[in-house]
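Protein chains in written order, with our numbering: chain A, 1 to 269; chain B, 1 to 266; chain C, 1 to 275.
Everything labelled a hint here was simulated from the structure, so no lab data went into it. Computed from a predicted structure; not experimentally measured. Hints are supplied without guarantee of correctness; some may be wrong.
Covered stretches of chain A (in silico footprint by chain B; criterion: 3 or more residues with CB under 8 Å from a CB of chain B, positions within the stretch not fixed) [unchecked claim]:
1) 117 to 128
2) 143 to 156
3) 248 to 255
Glycine included, every Cβ here is placed at the ideal spot set by N, Cα and C.
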Amino acid sequence: MSSTVATRYPEVWRKRTPRESAIQWAWMVAVAVAAVWSVSALDIEWAFFLDAHEQAADLIDRMWPPSWSYLPVILEPLVETIHIATLGTAVALVLSVPIAFLAARNTAANGFTWAVGRAILVGSRSVNTIIWGLLFVAIFGPGPLAGILAVAARSVGFLAKLVAEAIEEADRGPIEAIEATGASTLQVYLVGVLPQVMPVLIGTTVYRWDINVRESSVLGFVGAGGIGLYLYASINQFAWQQVLVVLSAILLIVIASEAVSAWIRGRIS
Amino acid sequence: MSAVAAPTRWRPPPFFGTRTRQNLVWALAIGYLVWSVATLHIDTKRALAGFGRALDLFARMIPPDFMRWELLVKGMVESLQMAIASTLVGVVLSVPLGIAAARNLSPKPVYVAARGLIVAGRTFHEVIIAIFFVKLFGFGPVAGLLTLAFASMIFLGKMLAEDIENIREGPVEAIRATGASFGQVFVYGVLPQVLSRQTGTTIYRLDANVRHSTVVGIVGAGGIGHTLSASFSRYDYDFAAAILLSIAALVALGEWFSDWVRRRMR
Amino acid sequence: MATAAAPAAAGAGPLLAIEGLSKVYPGGTRALDGVTFRVERPEVVAIIGSSGAGKSTLIRCINRLVEPTSGSVRLSGLDLVSLSPRELRAARRRIGMIFQEFNLVDRLTVMENILSGRLGAVGFLAAWLRRYPPRDVANAFAILDRVGLAGRHDSRADALSGGQRQRVGIGRALMQEPELLLVDEPTASLDPKTARQIMRLIRTLAEERATPALVNIHDVGLAQSFADRIIGLQGGRVVFDGAASGLTPEVLTTIYGDEDWSRTIRKDEDEEPEA
Ligand SMILES: Nc1ncnc2c1ncn2[C@@H]1O[C@H](COP(=O)(O)OP(=O)(O)O)[C@@H](O)[C@H]1O
Ligand SMILES: [Mg+2]
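Isolated chain A (complex conformation) (with noise of 0.2 Å):
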């Protein structure tokens, strides 16, 4: 039975025809020579590797045992680094609404707003928020003033994009009931629009205010206030039994936050 089975049905069979496969290929070469070009320019110092494992070996050992009586010093800087975010996000989110709006196809009052709208999301976005630092420090001085801007800055952007989203999503039915009340464009705004995407505004708003402890917690590296100063400070003094109290301080207030932001939008939704 297998004689006469293997002369009627084809032996070969390939998954992909030859095209897909060529096309599969050349991906294939081209994220080969993207590995090799990327790698090979680094100028990479492998001997460096050899004794990685035992300088990270030394550097735990002489974390240990940390030094719990640096902890009252970072207190208020950890607190600060809170305040940071939580101001800065605040402001962003106060920022955020009229930019969204600006932006969205939908409510953009010319093709002119609509462009501003959008260079102020990329602009905002394609900045780090410590690259933001660095500007604000430059021009405010060093101190939390200038850390508050720069997550202001970076979070500005994130949270219009996704509320213009938002407001491009919106359903039309209700604007346009307003509008057939004769109301003034700012109220349909108000009345029709912003109701709809306040879930949004709030969740998103809430999430960005996670990330932003997380990144308050090394502006202090470009001397924007918060937390990171004094683990900067640590290093470079090779104290590394303060280094591990202020990693310990730090990990303790990005789970919190990261907790506390899945609580509320879990409450939300």
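Following the hints, put chains B and C with the ligands in place on chain A, whose structure we already have.
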């Protein structure tokens, strides 16, 4: 005249459930604002002076100085290389991590260990991880590469584990029933169910790595970030402006590329 | 008739012998309680019983997708319960399985799903690169033809109708050239007409290949029409084991509880002309 007088006062139902709760929320918000601003040690005089300085700063930033383009290009290329290399390393490492952290594929102790690594790894900002790699591997792009590879491994591993936990169990059971080995069960029963989403996530991560590659240099881990912070500390603002514009362009390009690929994949 | 499924060495034992098989789930549910029966010749055995009676557990304990708590399962004399993981995989190759929800890998093609029946026999790399021996490929095309899906090999599994998907599921099991077929509610996700077609296909294929089949089924009518023998389960115990013709209202009452069974039991063999 109607028998029952209609109320003349109406206020919308409170957003936070009851009116007392609504008021409480407002009171808390205002109280927090006062408390936090009061304790923040904001140097008001310096802050007010800042508005004047901002104008001055912008004046010095314009026009951006692209004369030292060789330094600029070198830093940008290094950032891009770190981003690509770290994504590739990260995606390879994320597969075992993702499998280990999927409840439905891994034994309990392995699962717990992998989840622990993910929680710990996600907590710390890339820049913090970068400092440690700088301490271990010296200044330069290797530290940046390892930082971003580590962060990518954690992120992609977490996403993969969640996807694997949400797959349909039936096909996996069916493949197992044919006598397939663990590797074969993964390749036939699991991989086809998660591959396209995971590819999208990887592209997204490449975009994120481009962003992060521009900042790890601030602590000496290679890329354009180092050039940028150096130019700020030398008050070399017109060069800094050129770098900022280039970073914004690269990041916007990365985001556009990532959106384009993911849209095409669907 | 094909002899692919001839039993191993003569005298090695019955095709399938189950003794004192019990399963207690971690929650404490005793799903099987001392199940004992034998299958000595190629026949279609329907396992009936109300939902929760332990039918799926029984079938899954045979190829150890569910680990039995105690008892033995012998396939031509080989005790499956005591096998190491590696040996178990080898034994699973000899047992084909068909599922209620078809359990195809949706994003793979029909051909890949059929060929996955050979995974136990090919290496990891061959499986990954989809390079199967020519004999397997030819056999897969023959099976596709046999289950009525000729020409559909490059369709994606999720593009097929329910009946077609179950045909692929059957094809995957046949691809293993199994000594035993385990079939768990093959028709519960199908409409009545397709259900009969699928049951008939399973019956015919089992006969053609002289392969015994254990079929879980909750439809008493279908069980009577297509099975040689019926095992009734109730609360994890065997409460009936006999010829399909022996299914009387009294028996059904012991299996399912009180009900008027006179209209359920089929008096005549069905003879609708179907594929
Ligand atoms: N994975 C499981 N964990 C715990 N209990 C289970 C599990 N699977 C099935 N059971 C229980 O075992 C009993 C038998 O189930 P099952 O074998 O699926 O019956 P049937 O297929 O006859 O409907 C039921 O009480 C069911 O709730
Ligand atoms: Mg069942």
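Hints, verified against the model:
{"no.": "1", "hint": "117 to 128", "result": "holds (count 6)"}
{"no.": "2", "hint": "143 to 156", "result": "holds (count 3)"}
{"no.": "3", "hint": "248 to 255", "result": "holds (count 4)"}
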